[in-house]
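*Asks:* Residues per chain, in single letters:
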Amino acid sequence: MKSAALAWVVVVACLSAALVFQVHRGVKLQTDMTALIPAEDRDIAISRAKDRVAEILTERVFLLVGDHDRSLARAAGAQLAKTLTDSGLTRSVTYHVSSDALKSLGKMYFPYRFGLLADVDRERLQKDQGAQIVSRALASVYGPSSIVDAKLLRYDPFLLMPEFLNHLPMFSLGLTPDEGVLSTAEASLTWVLLVVQLRGDVYSGVFQKSFISALDAAIRQASAQTPNLEVLRAGAIFYAYAGSESATREASHLGAVSLIGSIALILIVFRALRPLWLTLLAIGVGILCAFTACFLIFGGIHVVALLFGIGLNGIAIDYCLQYISARFGPAAGAPDDRLRQVLPGITIGAATTLIGYVTLMLAPFPGLLQLALFSAVGLVGSFITIVLWLPFLDSREPLGRGTRILAMANSLWRFWEGAQWRTLRWSVIAAIGLATIVGASKMRTDDDIRHQQALAANLSAQESHLRRLTGVSGGTQFILVRAPNRDAALQTEEALRQRLADAQRLGALRGFESLAQFVPSVARQRDNRELVANKLMRPYLAAYYQRLGMSGDVPAGDDGFLTLDAIGNDSPIAFLRNLVLGFGARETIDLVLLMGVSQPKMIERSISQMPGVTFVDPTADITRLLASYRRRAMILIAVSALLMLPVLVFRYGLIDGLRVMLPPAIAVLVAPPLVALIGVPFTFFSAVALVLVLSIGFDYAVFCREATPARRPVTMLGIWLAMATTLSSFGLLALSSTSAVRTFGATLVVGTILAFAFSPFASSPTRNS
Amino acid sequence: MLRNAGGPGGENTTRPVICSLVTVIAALGFAAFSFAQPAIGPSIAPGQNLHGRFQQERHLKGITVTLTSSGSFVLAPGKGLIWRIEQPIQTVTVITPVGIRQIVNGSEVQRIEASHVPVITHFYDMLNGSLTGDWSAMHHDFAVQTTGDQRGWRTTLTPLRATDPIVGMLSSIVITGSKMVDAVNIARTNGDSERLTFFDQAISDVPLSEGDARLLTGDAVIPTD
Numbered sequence: 001m002k003s004a005a006l007a008w009v010v011v012v013a014c015l016s017a018a019l020v021f022q023v024h025r026g027v028k029l030q031t032d033m034t035a036l037i038p039a040e041d042r043d044i045a046i047s048r049a050k051d052r053v054a055e056i057l058t059e060r061v062f063l064l065v066g067d068h069d070r071s072l073a074r075a076a077g078a079q080l081a082k083t084l085t086d087s088g089l090t091r092s093v094t095y096h097v098s099s100d101a102l103k104s105l106g107k108m109y110f111p112y113r114f115g116l117l118a119d120v121d122r123e124r125l126q127k128d129q130g131a132q133i134v135s136r137a138l139a140s141v142y143g144p145s146s147i148v149d150a151k152l153l154r155y156d157p158f159l160l161m162p163e164f165l166n167h168l169p170m171f172s173l174g175l176t177p178d179e180g181v182l183s184t185a186e187a188s189l190t191w192v193l194l195v196v197q198l199r200g201d202v203y204s205g206v207f208q209k210s211f212i213s214a215l216d217a218a219i220r221q222a223s224a225q226t227p228n229l230e231v232l233r234a235g236a237i238f239y240a241y242a243g244s245e246s247a248t249r250e251a252s253h254l255g256a257v258s259l260i261g262s263i264a265l266i267l268i269v270f271r272a273l274r275p276l277w278l279t280l281l282a283i284g285v286g287i288l289c290a291f292t293a294c295f296l297i298f299g300g301i302h303v304v305a306l307l308f309g310i311g312l313n314g315i316a317i318d319y320c321l322q323y324i325s326a327r328f329g330p331a332a333g334a335p336d337d338r339l340r341q342v343l344p345g346i347t348i349g350a351a352t353t354l355i356g357y358v359t360l361m362l363a364p365f366p367g368l369l370q371l372a373l374f375s376a377v378g379l380v381g382s383f384i385t386i387v388l389w390l391p392f393l394d395s396r397e398p399l400g401r402g403t404r405i406l407a408m409a410n411s412l413w414r415f416w417e418g419a420q421w422r423t424l425r426w427s428v429i430a431a432i433g434l435a436t437i438v439g440a441s442k443m444r445t446d447d448d449i450r451h452q453q454a455l456a457a458n459l460s461a462q463e464s465h466l467r468r469l470t471g472v473s474g475g476t477q478f479i480l481v482r483a484p485n486r487d488a489a490l491q492t493e494e495a496l497r498q499r500l501a502d503a504q505r506l507g508a509l510r511g512f513e514s515l516a517q518f519v520p521s522v523a524r525q526r527d528n529r530e531l532v533a534n535k536l537m538r539p540y541l542a543a544y545y546q547r548l549g550m551s552g553d554v555p556a557g558d559d560g561f562l563t564l565d566a567i568g569n570d571s572p573i574a575f576l577r578n579l580v581l582g583f584g585a586r587e588t589i590d591l592v593l594l595m596g597v598s599q600p601k602m603i604e605r606s607i608s609q610m611p612g613v614t615f616v617d618p619t620a621d622i623t624r625l626l627a628s629y630r631r632r633a634m635i636l637i638a639v640s641a642l643l644m645l646p647v648l649v650f651r652y653g654l655i656d657g658l659r660v661m662l663p664p665a666i667a668v669l670v671a672p673p674l675v676a677l678i679g680v681p682f683t684f685f686s687a688v689a690l691v692l693v694l695s696i697g698f699d700y701a702v703f704c705r706e707a708t709p710a711r712r713p714v715t716m717l718g719i720w721l722a723m724a725t726t727l728s729s730f731g732l733l734a735l736s737s738t739s740a741v742r743t744f745g746a747t748l749v750v751g752t753i754l755a756f757a758f759s760p761f762a763s764s765p766t767r768n769s
Numbered sequence: 770m771l772r773n774a775g776g777p778g779g780e781n782t783t784r785p786v787i788c789s790l791v792t793v794i795a796a797l798g799f800a801a802f803s804f805a806q807p808a809i810g811p812s813i814a815p816g817q818n819l820h821g822r823f824q825q826e827r828h829l830k831g832i833t834v835t836l837t838s839s840g841s842f843v844l845a846p847g848k849g850l851i852w853r854i855e856q857p858i859q860t861v862t863v864i865t866p867v868g869i870r871q872i873v874n875g876s877e878v879q880r881i882e883a884s885h886v887p888v889i890t891h892f893y894d895m896l897n898g899s900l901t902g903d904w905s906a907m908h909h910d911f912a913v914q915t916t917g918d919q920r921g922w923r924t925t926l927t928p929l930r931a932t933d934p935i936v937g938m939l940s941s942i943v944i945t946g947s948k949m950v951d952a953v954n955i956a957r958t959n960g961d962s963e964r965l966t967f968f969d970q971a972i973s974d975v976p977l978s979e980g981d982a983r984l985l986t987g988d989a990v991i992p993t994d
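Chains as they are written, first to last, in my numbering: chain D, 1 to 769; chain E, 770 to 994.
Source of the hints: derived by calculation from the structure; they are not laboratory data. Where is the CB? At the ideal position from N, CA and C, for every residue including glycine. Careful: at least some of the hints might be erroneous.
Using 20 Å as the maximum straight-line C-alpha spacing, the simulated EDC-like pairs for lysine to aspartate or glutamate come out as follows [to be verified]:
no.	chain 1	residue 1	chain 2	residue 2
1	D	Lys-151	E	Asp-961
2	D	Lys-127	D	Glu-530
3	E	Lys-830	D	Asp-502
4	D	Lys-151	E	Glu-877
5	D	Lys-127	D	Asp-527
6	D	Lys-601	D	Asp-527
7	E	Lys-830	D	Asp-553
8	D	Lys-127	E	Glu-826
9	D	Lys-535	D	Glu-123
Just the calculated beta-carbon pair ranges, DEER-fashion [said to hold, decoys possible]:
no.	chain 1	residue 1	chain 2	residue 2	range
10	E	Leu-929	D	Gln-225	21 to 27 Å
11	E	Leu-929	D	Arg-468	30 to 36 Å
12	E	Gln-919	D	Arg-154	41 to 47 Å
13	E	Arg-880	D	Gln-599	24 to 30 Å
14	E	Lys-948	D	Arg-154	40 to 46 Å
15	D	Arg-154	E	Asp-974	46 to 52 Å
16	E	Asp-918	D	Ser-188	46 to 52 Å
17	D	Lys-82	E	Thr-837	27 to 33 Å
Sample of chain E residues facing chain D (criterion: CB under 7 Å; computed from the structure) [as the list claims (entries may be wrong)]:
no.	residue
18	Val-834
19	Thr-862
20	Val-913
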């Protein structure tokens with residue numbers, strides 16, 4: 001034993017050294033909830049498209065800088081833009097809109113103007129309503145809002161080009177260039193816009209911290225000169241940062257409260273310091289092992305795995321308290337004897353728990369793998385510490401006092417066995433049964449990923465304010481267009497555009513962006529030219545020119561057609577390149593981004609008949625995945641219970657083994673309906689909590705089964721304390737701001753109480769007598 | 770979304786539109802302003818409106834014919850402007866805080882929403898502000914120089930910033946008048962020019978006609994004239 005204990009000292013020392021080394025190199029804390037979900041898309045194009053869209057959306061940050069004084073707002077905007085550009089953390093900062101860029105857009109389109117028609121004009125010509133276009137042109141020539149000069153009348157007599165430009169989707173932006181800066185006014189405030197493209201991993205804690213502190217410093221600096229400056233921010237990085245901040249804060253608060261709760265309990269019950277630091281030692285070594293293993297294997301840890309992992313690791317306290325409680329009573333014996341008394345119980349308990357945790361690895365969630373590894377390694381580390389170190393470090397003196405505490409601890413047993421409690425017993429069982437039935441009727445599942453994540457309210461408010469001012473609307477949904485070649489893809493997008501415009505009128509979405517809105521297909525351009533020549537120029541031009549005192553022909557435009565190649569790198573629509581996903585000899589793949597989608601089903605339906613078109617809703621896909629993993633986790637619980645059974649049958653035989661399974665089974669089956677009573681939905685995270693409830697239930701049941709009638713009070717004290725510490729940790733989880741964590745916590749708290757309450761059921765009646 | 774790429778909000782096409790607007794607004798705004806100056810004439814009180822007739826001669830460089838149009842207008846403080854061309858074609862242009870609409874033969878052929886092109890709001894403020902004596906919006910874009918007195922005066926508006934994409938297209942606006950504005954001469958940097966002559970002007974306490982009121986409230990029903 002002594003040499004084994006020494007060997008464990010060496011192992012722990014090595015692990016500590018490895019951990020220190022790793023922490024020194026920098027710890028990567030992952031916070032993206034979606035990172036917990038496996039890449040399961042078998043369609044490579046769709047998963048690449050999702051990555052691209054995520055990249056486009058997450059790397060972008062919008063800032064609105066506002067002040068009552070226009071020039072102060074502009075000065076602050078310029079200063080902020082400069083500071084951010086100089087920080088080296090951004091790929092680009094757009095503040096000044098160059099008028100050259102705008103001219104280049106006009107220049108790009110102008111040669112192809114007769115092939116470019118606004119939808120309304122194309123419709124008019126198709127319906128032989130060219131006269132309306134002529135009237136509009138005349139109204140423009142004479143009207144107070146005249147946009148014409150002689151040159152324009154010569155090259156574009158019916159002013160088709162301005163109409164086309166005016167209908168480009170970018171003009172729906174609620175901002176306008178004011179001396180080269182995109183601005184908008186709200187009451188007496190002038191807002192100016194900065195668009196920042198980040199250079200770095202939005203989900204890396206280090207990058208988040210450096211960008212956000214650089215931004216905050218820049219804002220502070222600007223505010224020093226402009227005291228009333230207001231800044232609105234929107235971007236994925238802010239949510240990611242707030243999420244990791246609050247998770248870290250919760251994790252540390254959780255740790256602190258759980259620790260204080262457990263310390264208080266142990267001090268009150270044992271009235272000695274040694275049990276306390278022995279417990280802390282066992283748990284601490286476990287967490288140390290768990291951290292080191294996670295860093296060595298994964299190179300980092302996800303905050304959710306960390307949050308749940310510390311909680312799951314806490315189960316080691318069950319075994320620790322069983323050993324420590326054995327010190328009570330006159331027959332306690334020396335530390336080695338005490339360990340021998342509890343060893344079968346805690347070994348079987350730890351073995352079943354380990355089976356439960358390892359079963360988690362069967363679900364191919366990267367986060368679950370981390371969680372399972374963290375908890376399993378932590379459990380083993382703590383268990384070895386309890387068995388090898390605690391007897392050496394423990395006091396040889398038994399705790400003679402504590403009769404009252406032991407009697408109290410044994411009260412649960414008396415409640416289940418005492419004849420005088422018979423009526424109350426059945427009433428309690430009936431009440432729980434009734435509540436279970438009522439709860440079961442109220443149970444609902446909720447797999448929506450958006451409900452699982454807490455979004456910082458302050459950020460959401462800023463974002464919706466910013467969206468209201470700019471007209472920029474968000475969304476992660478998109479449509480994937482696949483066609484044999486470029487023009488076929490554009491033609492598909494033109495057909496798609498019609499349907500999306502219809503859906504937009506019906507309120508299914510707020511807007512969309514596609515290549516075809518900016519660059520019509522060659523087929524469409526050819527058709528437009530014919531419409532213009534046959535339905536507009538030929539019937540109306542001569543009379544129109546005569547009326548204006550002009551003569552001669554309209555100079556022909558370019559013979560060729562506008563293609564994507566015409567879009568230069570510095571063009572204001574260079575962003576369109578992002579929408580080209582694949583461009584090969586055989587297939588062209590384009591993205592159509594959708595904004596403000598409120599009725600995804602309607603959109604999906606309206607495009608379902610179109611070949612080569614796929615509606616993709618990444619959020620819905622994650623939700624679907626969560627649902628399938630919720631179902632998978634339920635199967636895992638059954639599997640882990642079955643895997644635990646052989647251990648029990650081996651020790652207790654079939655009938656008694658099944659009897660030991662009764663309390664955990666009740667806990668797992670009854671907890672979900674009971675939490676449903678308080679409106680907690682059943683989610684994947686509830687299922688994970690049930691895995692833990694199962695392990696805890698087995699622990700308590702095994703301890704009870706192993707206890708001889710004489711040792712029952714001591715055993716029950718250990719279980720009482722174990723339950724109390726579990727509740728002090730997970731009771732706090734039930735208060736978390738993250739719904740996923742809250743669901744986990746609530747399910748666990750109720751499950752643990754049930755597992756505790758029914759644990760004496762595990763003991764067979766023959767042993768009772 | 771894609772607007773990040775320097776999304777230019779409709780400057781390209783709306784710039785000339787706004788430029789023309791600013792000339793009219795500046796002229797009429799100034800006309801109203803002149804009433805608002807106690808030294809020059811009476812101002813338009815809330816509920817009142819200014820109406821009259823106009824003739825516009827537009828010279829486009831490179832076209833020998835003078836494009837002449839005539840019609841009537843109504844200017845209602847706080848509500849907007851209705852500019853009705855009767856000759857040579859019938860068109861109605863309505864400028865309100867919400868935006869600009871152009872109506873030909875009873876059907877709307879163009880609409881520019883101020884929410885899309887907020888600079889319209891700025892120019893509308895210029896118009897409305899000057900009606901109520903708040904001249905600051907006009908001073909933001911123009912240097913204003915006035916000579917003469919109530920019997921005959923002449924004001925020259927010169928763009929303050931030649932590089933401004935909108936007012937920079939104008940070289941000058943010269944407004945002449947006595948009790949009311951008589952004429953506005955507008956010269957543009959591209960060599961085009963136009964002359965607006967106003968007559969039969971009156972400030973009226975009579976509420977707007979139902980059709981006009983509807984035009985200014987942006988009602989879907991659009992009268993043909």
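*Asks:* Please go over all the hints and tell whether each is borne out by the structure.
*Replies:* Taking the hints in turn, this is what the structure says about them:
Proposed proximity of Lys-151/D and Asp-961/E is supported: the alpha carbons are some 11 Å apart, at most 20 Å. For a cut-off of 20 Å, the pair hint linking Lys-127/D to Glu-530/D stands: about 14 Å separates their Cα positions. Between the alpha carbons of Lys-830/E and Asp-502/D the distance comes to roughly 44 Å, so the proposed pair goes past 20 Å and is violated. In summary, the hint linking Lys-151/D to Glu-877/E is not supported, as the alpha carbons are separated by about 26 Å, beyond the 20 Å threshold.
Of the pairs offered as hints, the one joining Lys-127/D and Asp-527/D holds, with about 14 Å between alpha carbons and a cut-off of 20 Å not exceeded. Pair hint Lys-601/D plus Asp-527/D does not hold up; C-alpha atoms about 33 Å apart against a cutoff of 20 Å. For the hint pairing Lys-830/E with Asp-553/D, the CA-to-CA distance comes to about 18 Å; that is within 20 Å, so the pair holds. Under the criterion of a C-alpha separation no larger than 20 Å, the hint pairing Lys-127/D with Glu-826/E is inconsistent with the structure, at around 35 Å.
In summary, the hint linking Lys-535/D to Glu-123/D is supported, as the alpha carbons are separated by about 11 Å, within the 20 Å threshold. The hint said 21 to 27 Å for the Cβ distance between Leu-929/E and Gln-225/D, and at roughly 25 Å that hint holds. Our hint of 30 to 36 Å for Leu-929/E and Arg-468/D holds, since their Cβ atoms are close to 32 Å apart. Distance hint check: the CB atoms of Gln-919/E and Arg-154/D are about 45 Å apart, consistent with the given range 41 to 47 Å.
Our hint of 24 to 30 Å for Arg-880/E and Gln-599/D holds, since their Cβ atoms are close to 27 Å apart. Remark: the range hint 40 to 46 Å for Lys-948/E to Arg-154/D is upheld by a beta-carbon distance near 42 Å. Between Arg-154/D and Asp-974/E the CB atoms are about 48 Å apart, so this pair conforms to the stated range of 46 to 52 Å. Taking 46 to 52 Å as the suggested C-beta distance range, the pair Asp-918/E and Ser-188/D does not conform, at roughly 36 Å.
Between Lys-82/D and Thr-837/E the beta carbon distance is about 52 Å. The supplied range of 27 to 33 Å is therefore violated. A hinted interface residue such as Val-834/E counts as satisfied when its beta carbon comes closer than 7 Å to some beta carbon of chain D; here the least separation is about 3 Å, so the hint holds. Checking Thr-862/E against chain D by beta carbon gives a least distance of about 5 Å; that is within 7 Å, so the hint holds. At about 20 Å, the closest approach between the beta carbon of Val-913/E and any beta carbon in chain D exceeds 7 Å, and the interface hint on this residue is violated.
Hints 3, 4, 6, 8, 16, 17 and 20, counting from the list given before, are not met by this structure.
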